[in-house]
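Residue numbers (the numbering used here), protein chains in the order written: chain A, 2 to 646; chain B, 64 to 435.
Hint data in this document are derived by calculation from the structure and do not stem from the laboratory. Computed from a prediction, not measured in an experiment: that's the story for all the values here. For each residue, glycine too, the CB sits at the ideal point set by N, CA and C. A couple of the hints might just be wrong.
Claimed, not checked - Only pairs whose alpha carbons sit at most 25 angstroms apart, straight line, appear in this in silico DSS-like list of lysine-lysine:
no., chain 1, residue 1, chain 2, residue 2
1, B, Lys142, B, Lys132
2, B, Lys136, A, Lys550
3, A, Lys438, A, Lys358
4, A, Lys438, B, Lys329
Unchecked claim - Where chain B lies over chain A, by a calculated footprint (3+ residues, C-beta under 8 angstroms):
no., region
5, 75-85
6, 203-215
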Amino acid sequence: MAIGKVGGADYEPHGAGGDALLQRPAGYAGIASWLTTVDHKRLGILYILTSFMFMGFASIEAFLIRLQLLSPNNTLLSPDVYNQMFTMHGVTMVFLAIMPLGIGFANYMVPLQIGARDLAFPRLNAFGYWAYLAGGLFLYTSFFLGGAPDVGWFAYAPLTSLSNNPGLGTDFYMIGLFVGGIGTLVTAMNLIVTIVNMRAPGMTMMRVPVFTWLMLVTSFLIIFAFPPLTIALFQVIMDRSFGTLFYVPEAGAMPILWQHLFWIFGHPEVYIIILPAFGVISEIIPTFSRKPLFGYPVIILSGIFIGFMGFAVWTHHMFTTGLGPVVNTAFALTSFVIGIPTGVKVFNWLGTMWGGKIVFTTSMLYAVAFLVTFTLGGVTGIMLAVPPFDAQAQDSYFVVAHFHFVMGGGALLSFFAALFYWFPKMTGRMISERLGKISFWLLVPGFYVIFFPQHFLGLMGMPRRTQTYVEGIGLEIWNQVSTFGTFIMGAGMLLLAFAVLSAFRNGRPAGNDPWDGRTLEWSTTSPPPYYDFDRQPVVNDRDAHWVQKYPESVHGERVPESASLPYDAGGIHIPGASWYPFLAAVAMLPMSYGLLYNNWWVLGISLLGIVLATYGWALEGVGGKHIHIDHGGADHGRHREETDA
Amino acid sequence: MQVRRRLRRSLALAVLPPLAACDFGGPQSVLDPQGPIAQAQQDLFLWTYYLSWPVMILVVAVIAYSMWKFRAKSVEDAKALPHQTHGHTTLEIAWTLIPVVLVILVAVPTVRTLFATESTIAASQYTDDDVVIRATGYQWWFKFDYGDGVVTSSEMHIPVGRRVIVELDAADVLHSFWVPNLAGKRDMIPNQANQVWFSADRPGVFYGQCAELCLGAHAYMRFRVIASEEEDYRAWLASFRDAGATVQTVQADPQIERGRQLVAQKGCIACHTIDGYYADGTPVGGSEFPNLTNFGLRLTVATSMLDATPENVARWIRYPDAVKPGNRMPTLWTGDDPNAEEEVAAITAYLLSLGRDSGAATATLGETHGNR
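Just chain B, same shape as in the assembly (with noise of 0.2 angstroms):
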């Protein structure tokens, strides 16, 4: 499957010269497939793309030609009127049939595929073997919810080969889903349920964006879906299920208890969830903002635009609007505040310490750092 697949695409690569010359892969590349959605949709592309070679050829061909053959050499030769001709029943028939060939093999493919990928599940069509996710757009960050108060923001876990159902919902304004390894768009509207199914074939990090304009920061509205296999993925939901209410525990490391204080202090958790509590110990009800549980799992910050270094952590606690302009993350330390390195310090060790004692931190970012 695997080696059809691909012995297929550098086919494709080889017939169209102006595509093979440059590669057009990429983790955000709607020609590097790695689920069947996505492929079926790059098929149904190519498709359409050999066919166009020929009419493109044909056009400019006769274009090509008639611009030498019938030309007028000199105003002389110009002046001789050509036949005035004023059509061909025939001809015009004819090619009238060419386009109608044409459409009808563009036509075929597109209907079949259109229900094979785009039909909507019904939720007593779920199996056991579905994962379902609600997915939520907000200006301008991603809200997964796995149910059971599992829910991340910016990165989404699935497990390889299992059909994932995104059901989606909006906040504010429209928002739009699109992992374009995976599968194609579908738009976040406020009071209208959609969802998007797909599966990924192998282990592995793959970029998403919000494809529909919602200003301010929509340019940086980034997220990342981590495919990993069986095991990886029910370690790395288990150990959200299992984790303490971190925010109330002293914590042993004289810095991450200054963190976790600062946090506090600071605010953090007047916006953010951290497995679900406020720092006085009452759970949170609806969060509007990222929940901060297991941070430390995290393979990216500041909606997936920066991998998640204690430097990149640091910087975007620090400096929120310069790593991403428009966002609303208020910035809390004044640019000659004698406090704010060791406080960043603090809360950044704090943060990517959640989680890091569970048993999914390894194997999770072992797994997926590894691919790309």
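Chain A with its partners taken away, still in its complex shape (with noise of 0.2 angstroms):
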């Protein structure tokens, strides 16, 4: 099979037109290719450094968080930064960090893995990045004008009202939230277009590799649980800028409106987080185990029970606000049920496992403290699924302990897995296994050492969001030993940075299947060229790349049919650079502060340049090239190009 060799000095795709507003920068090196990109590969990679860097502001945060409980009535955070950094933690986590990482590994693998060249809206793709990054630039920058929001990542009403809270830092909340929900509801959009519509020929959904089905589910949870929470942002900027009432209890405002819509939204949001590190371990087991997922048809499925069922128990984070014991059975039971799928796919994940030849990467390694960290923390869920523990266990720090095990030891250690598994396709390079398992053991015994003493902390009656607790109630010694862990973790994280930075230029060369990988993402080169695949991919079998490795393996004597086609006539069309989808983004920010200071001039030339970069945007056109990969003769991976009419 030929590989073009393409790349770099050889791309010379043809400017725009001569009327084009913005000239669309060519070529694939510095800055304003970066800044106009509309490649998946790009912007899955913006995505993940973005996230790690959100993932580092996070981490200090917490740290400090960890320094100040070291010690009862300690003083090193007063109450009010406290409340900064608790809030910006699961602010950052939560919408910054986990949600895009899993988005990230998604924009860079949906496409490789079901043989399409890009997702369906390019320009979209990188207007919902660029949005993301504004969003959270702007959330961040609310430490140097006057203080982040300390209201709590869930900000519940009233204590958001501009009486219980006049500072600014409720409406960086409000309006960063809203901003990066934009960038996240079009990402969500253009994943579902582009799974429904562009695999391969012979990849019929029941072939779609499990990351890519459960990032289709997780992108209908983003497209039904985002609306709620804009609504919810809109009432109170409304409340805070324009004077309405919505969440002022003064004027008879009922402030469990908010937790409503606010859950809502955020339980499906953990699943948005959950279900992608689900899809990665159902890629990773298989890969290391060496043998097929386990039960295919039932991951899927139960992946997409998990996330209709998410819409139905909203209401088990608002068990103690006195919705009486009828709404607590129905929301308790309809929190149980979900215990089933889950349950289902742990067994199948052991099930892959079994009678396999298990290869102990670093990633695998991190799969597997997956598997135990998040069954531990499925238990607990349980538990706290039960009303009347409940009322003792929400809000006390067997809470924390629990959603950082299912979110933390969960989502994270799973994307930590991923990133091991496929830094490799996506630079070209291998992560030193061995920093990475040094790494390993440092970071996983660190989380438990943190967090499994919070599971004590919360049943001896500490209360979560407290800036210090009193002496002798026998708190002391395990927030001591919490405290400590943050060091072994910490060295962990720090180790891990270090392995991945190095790895991108010392790394061992990778190879294209450094894993003996299944699925077709290894049957492209490492990095992919910038048009992913120079055949078009055919499927004829669930594992699409291994079923080509080993066909005797999974169809006996059977040899299967060819894998890929050249592509047709038109060659692969390469969509042009653009300036419109990072102007309309950057336009966001001014907007954002715009409203923020009630600066309605700001305001309104900045939305006046969101609608003109969107003309801009619309009538620009695709744009780009036609390019045609020569199989064999004497031009042998050379290719042409010809400009798009």
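Reconstruct the complex from the two isolated chains, following the hints.
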């Protein structure tokens, strides 16, 4: 199979037509090429790097929180600063770190896994990333403009009303999440259109790789979950900037409304975070067990079921708000029901390992750590779904321990597994396994030292979101143990960062398929060429790449049909880079500040800018070029390009 | 009853080595129930806790066995492909049923306890035997209103054995009422009538704390529930009803008398009611700040952060922001004020004298201090 040696200096697209307002940048080097890129792989890398940057910020916040809790009545952080720290830690991890990590990996891998050239709407994809970055940066400027949000990541009304919280922090929260949410929404739509329409010939839905499948489910969750949040955010923005009374108790408002709207978003959000992680695990465990995923249809169906049920359990976050025993019973039962498909998934992963030939790479170690940690978090989840016990555990450190086990130990560990798994594909280089394993043995035990004792703290009556605790009720020792753990886990994270960063330059060359992978992304080069595949992959089995390598293991004597076709006469269409998505997203920054300071001129001009950028975007067309990869002959590996009419 | 409960608890801890090694009891512990509601909540926790052990053991054992048995011994070994199984329908149905059974085992007692402990009691169903208290959350303290002008802050007195119905309200933002030894949380929400009910099995002082973020001094928003025998409770209640307007009465002890005057001069009673009257004798309407009536009967000071010793009371009055950062009590003396010490001592003496001459003083303090 010929791999087109293209990229770099070879890349000579035509410029935009003479009538274009903005010259479409050409080439694949320089900052402009990154700002204007519409390539899903580059955007995926940007997403992942940005997520890790925000995760770094959140880790510093977490570290300060733990230092403050080292001893009773500690005064390292004032209550005010402490509130900002845990609010920003939560907001950052949920909205700016873990969720975009899943989206980043999806950006890079979904088109490769389904044999597509890019996402369906490449420019929209760019817009989604820049909107996410704009929302995140906007939120973080709050530290320099009068203080970060301090109302918790759930921002319960009426704590957010102007009279209770006159500072700008709450406005930063509301507007920042609103802007970031736009990016998330458009990316979700993009992924749905891509996965539904752009699968390679032969890839029926029941042959779609599990990661891609669960990203499809996740994208639907995003589409249905974000609107209630957006509405709630807007209500508070209206309250604070225009004097409406949605959440003003003095005017008779029922503040519980916010909790319903927030959690009808917030619980699906949990699955928006964890389903991509399930997908990652469902790729990694089969690869390193050298066996197909056990019970693929069950994994898919249980994923869909979890996504569906995710919208029917939101008030289990509100068991103590006095909704009454009937409501609490209903939502306790639906919450229990979610435990069933989740348990089935765990058993299926165990079934995949059973009877395999397990190769213990760092990636697999993280996946196994995920299995244990996530099961533990799931078990405490069932405990918390019991409303009478939840009355005791709600808003205590028991809950903190629980959701760090499922979000941190679950989602985050699986994304670390994904990082080791897909880094060679994305960069063509391997991360040092030795450093990786040392980091694993610091990071995961450190995680347990931090979070396991927090179950005890909760049971001993320590509420969360309190910047200190009194002496003499037994909370000292476990808080000290927990803080001690941050040093171990922190060392692991620093080592992990070092291992990854040094691998960019010094990593061993990876080759196309270092793990003997099963899915299509391993059939192209590492890193893939900008056009992804030089022949159109054709899929005739679930593990599309594996079946090409080991046809006899799957089909017995039968030899599968051809694995790829040449692209048709039109060649591969490569859309042109564009400034407009970047400009439209960047214009949301002054828009946000205009809304923040109630400066209607700035707001109006920015909105006009967004409209103009959208017009430019619509009128410039997709542009770009068609490339033809020549297979065989003297010109082997060369390609020719023709410009778009 | 008591013995059986203790037996059950020690049995539980004996079965579970990781928990048995440590003591998770304490005045604010979920695992030290002192009333039927907290007991039922703990029982459900322990039940799910037992059930979780076989699940964890199964999962970890299968993983450990697989890691040992099915690991690739070498590169060559890995290349010899294992059998490419895609699934096993019977097995998968079996392990779908395992969580189903577990969930049913949890769900049945859950629903039963839920209705037994969380059902709302309508006002028409209140009996004469019930103690009804209206609790209001403020930033950052709890007000307890017994009706008939009996209003306390941060300390709730209840009689042992009787059902206590607490009607919950919030004055500003959300708060949550939580006394782990007696009952789980119930949120206090503006414009929403919430209720929690429980009872105490024995006399004692139980710790409570606000469990919903309310900014500022949230971490210090603590309170105590003081459960005492019926007659002590009645004495305490009577002492409140009988409290004369001491704020108007000239006191015999010169230091206490000086304190009485200072409370008016320094403006304390601009916010704090003492016996329901301003210094000029006009009655105070609604009180949005802690009521200092019978302050001398208090066990604690500064939203139950400190024991009510003269030193602690003085420190709290002198340096409120150091004791409870973020709270709303003003600092009345500058650092170098030469009169500060004498004035603080006088106010402290006056406050601690309030209610001391009543019959409730010795009974309440003696009974409850003995327990912890």
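| field | Hinted pair Lys142 of chain B and Lys132 of chain B, Cα distance within 25 angstroms | value | Holds, at roughly 16 angstroms.
| message | Check the hint pairing Lys438 of chain A with Lys329 of chain B against an upper bound of 25 angstroms on the C-alpha distance. | response | It is violated: about 66 angstroms lies between the C-alpha atoms, which goes past 25 angstroms.
| message | Three residues or more, CB to CB closer than 8 angstroms: is that satisfied between the region 75-85 of chain A and chain B? | response | holds (count 5)
| field | 25 angstroms limit on alpha-carbon distance, applied to hinted pair Lys438 of chain A and Lys358 of chain A | value | It holds: about 19 angstroms lies between the C-alpha atoms, which stays within 25 angstroms.
| Within 25 angstroms, alpha carbon to alpha carbon, are Lys136 of chain B and Lys550 of chain A? | Status holds; Cα separation ~22 angstroms.
| For the region 203-215 of chain A, do at least 3 residues have a Cβ located nearer than 8 angstroms to some Cβ of chain B? | violated (count 0)
In the structure shown, a violation is registered for the earlier hints numbered 4 and 6, in ascending order.
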